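Student: For reference, the chains in residue letters:
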Amino acid sequence: MFAYIVRRLFLMLVTLFGISVIIFVLLRVVPGNIVDILFDAAGFVDPADKANLERELGLSQPIVIQYLHWIGGLLHGDLGYSYVSEKPALEEILPRIPITARLAGLALLFSASIGIPLGVISAVHQGSKLDYALRVVSLSGLSLPSFWLGLLILMASVSLFGTMPIFNPNPKTWLEALTIYAVPAMAVGFRSAALTMRITRSSMLEILRQDYIRTARAKGASEASVNYHHALKNAVLPVITVIGIEAAFLIGGLIVTETVFNIPGIARFLVEALRWRDYPIVQNLVMFIAVVVVVVNFIVDMLYAAIDPRIRFGD
Amino acid sequence: MRSVQALAVAVLSVLTISDVSRAAEPKSGGIFRIYHRDSPGSASIHEGATYSMNIPFMPIFNNLVIFDQHIAQNSADTIRPELAESWAWSGDNKTLTFKLRKDVKWHDGKPFTAADVKCTFDMLMGKSQQKFRQNPRKSWYDQVDEVTTNGDYEASFKLKRPQPALLSLLASGYSPVYPCHVSPAEMRTKPVGTGPFKFVEFKANESIKLTKNPDYFKKGLPYLDGIEFTIIPNRSTAILGFVSGKFDMTFPTEVSIPLLKDVKSQDPKAVCVVEPNNVSTNIIINSSAPPFDNLDIRRALALALDRKAFIQIMFEGQGDIGGTMEPAPDGLWAMPKDMLEQIPGYGPDIEKNRDEARKLMQKAGYGPDKHLQIKVSTRNIAVYRDPAIILIDQIKSIYIDAELDVVDTAQWFPKIARKDYSLGLNLTGNAVDEPDQSFYENYACGSERNYTNYCNKDIEKLFDQQSEETNLDKRKKLVWEIDKKLQEDVARPIIFHARTGTCWKPYVKNVTIMSNSSYNGYRYEDVWLDK
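Protein chains in written order, with the numbering used here: chain A, 1 to 315; chain B, 1 to 531.
Extracted from the complex, chain A is given alone in its bound form (with noise of 0.2 Å):
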């Protein structure tokens, strides 16, 4: 196990120095910068002008030296400023870093305690009634793309209660509080518990076909024993891998959703940066989305292992 681990730190490392390099060209591949959009947007271009804060920012130094300049800073910590407020990148990122973990989070959570229990569900009653509204629910959820559920949400929030729930950084009460995280996490979160119900079903499907099911009701076993403890502990695992790659896929999806809720994270912060060529921003916010997923991504691994012995003794 300890080599596994081992094994595994190292594949992270050597991926996430690929993604420095490639997040680093990409940026500087994509024509303008941010001395571009700020004379673009007035309209007006003095050359020298120009050539005096690309110096002053740093841009016209050549690109090996500007990545060994932002890598070197970024293992002492110093993350450099923004081009656009000026201020520290760290200051500019730290806070909006909880917002989209607790809507992250909840999403999550949605998807997982809705998903799952309803995948189980529909899977134990397969052609019932049930079962063939929970398969359209699930259809639905995969079929609507989040910015289309989130403005309807909000729609109807106004008709029906004349409030809405977008962001407040200073909640009154906990009600209202639960409620701006809570809104956007479902709508955002809804599709993946459609996903994790569909592949919960199906994987329960297989299993509950298996040998061993039938031996454990043989037995005499209660049903909800063979549903929940035999069935679902190994329906569990591909599931798992879902709920993995669906955190990976969430910041796609949180940044619609923080948009149309107007949630201040990172995500929508990431699409602001990038409409600025804000590389200091831009750079180290994706960087800090690659650790997550990649982090993410060890601790799939990791519970596959401590799940399915197999996995580790085979890798």
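In case anyone wonders, no lab produced these hints; they're calculated from the structure.
These numbers were taken from a predicted model, which means no experiment stands behind them.
Warning: the hint list may mix true and false statements.
In the BS3-like style, the derived pairs of lysine-lysine whose C-alpha atoms are separated by at most 30 Å in a straight line are [unchecked claim]:
id	chain 1	residue 1	chain 2	residue 2
1	B	Lys505	A	Lys50
2	B	Lys138	B	Lys474
3	A	Lys87	B	Lys138
4	B	Lys531	A	Lys172
5	B	Lys505	A	Lys172
6	B	Lys209	B	Lys531
7	B	Lys269	B	Lys509
8	B	Lys337	B	Lys352
Position chain B relative to chain A; hints supplied.
Tutor: Relative to chain A, chain B alone:
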């Protein structure tokens, strides 16, 4: 019975009158909540070229003079003193002297003096050691030779030649006075002003907060305790926020005509106004390369435009047709209608214009069997894309098949600068309804915003002539002549001038939306909430 009725009427009348008088008496307090359409690049108005900066940060500052904040049409007659107590032109109209107020303090407690005026305008003219990161309106002060001070409370602008427009330029929301003792870098992040509101914080992509300046030199003002701008780039969310009462006002001039209907249907009590914003939608033409190096093709293009159709499709008829200067009645310098209609392409008979255009195209070698293939480039923003699509449809009628080339904002200006386009769909905003600003910025040879490098020395002489003219009637005639020539030269064909909406809750008092500029009306010192 009659006497009872009369008494009831009398009581009701008294109640109503007292209610009205109560409503008319300004109340202090409350936070004015507005949503903001995007996150401004910085807080320094002098370094910006978008009203996304003026709206939240104008309440922090004062100008020497300002357009009256409650007269919708900005003009020389509506200029009021602000940091200046008075102003006077010298006999030769080459020196403009301001007597300054003595009771003004910066938000950090330091006194405001004439040195601050000199610092600000020296920096704008590029004459000081400290430099702005960007200085987009440097050309406004091209005719200013120097700014001098006489003691702490008098400042003079000495001009190279008479320029009556200078006072209007100084009255714009783009012309605040900055403190000498605060660096340009600090002004981008933590601006210090003398205005009715102090800067509290600017969280990029989140919010901008201002608080009441209790030491404001206008006693009793401002009425509001503060102003909060919540940045909501998603227009649907923002409008729903306004309807649900999260905001007291929409972002000024940002509600489109179709959206205005939605707002009124969901919130019938909302007060909504539609005003022109002195932004023209126009075509930029690369006349330095084929096919538009051919004057006939450029003229054919101008003749093919059905301006009314653009306005009908995009604004349900609520837009205006004109030349470079904003159309009447809101625009001060608009050509008379009969003069406008004499310009090729502006006549009411569209089919006749297009017949003429087709003849010009045939003369240039194109026709029903040989269409000209081009690209129409524009920025990837709806207000640019939508008219570009209509333009493509209209020029089909003169044998031009165009493809839409959507360009990322970051690439738009570099692309135009390297002349990598044939036709472009462009928007031009004017901060002040003033020919000097519009002509020199957009059409003078070599000027920075003259994207097409249009250069006509004869017209440029007329620019100077009108700029020096102190007789208003004579100046107007010169401006009309210039505008007509610019259109006839197909310098930058103007398609239309847009109108846009602003809504606020009925309890918001003293808001005036300007009708010939979107940059000048946001001091908000006497706005109050009747709650």
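Student: All hints, please: hold or fail.
Tutor: Hints and how they fare:
Between lysine 505/B and lysine 50/A, the direct Cα distance comes to roughly 43 Å. Violation of the 30 Å bound is thereby established for this hinted pair. Our distance criterion of 30 Å between C-alpha atoms is met by lysine 138/B and lysine 474/B, whose separation comes to about 27 Å. Under the criterion of a C-alpha separation no larger than 30 Å, the hint pairing lysine 87/A with lysine 138/B is consistent with the structure, at around 27 Å. Our distance criterion of 30 Å between C-alpha atoms is met by lysine 531/B and lysine 172/A, whose separation comes to about 21 Å.
Under the criterion of a C-alpha separation no larger than 30 Å, the hint pairing lysine 505/B with lysine 172/A is consistent with the structure, at around 23 Å. Restraint check: the Cα-Cα separation between lysine 209/B and lysine 531/B comes to about 21 Å, which is no more than 30 Å; the hinted pair holds. Of the supplied pair hints, the one linking lysine 269/B and lysine 509/B holds, its CA atoms being roughly 14 Å apart against a limit of 30 Å. Between lysine 337/B and lysine 352/B the CA atoms are separated by roughly 19 Å; this keeps the pair inside 30 Å, and the hint holds.
Comparing the model with each numbered hint stated earlier shows that hint 1 is the single one that does not hold.
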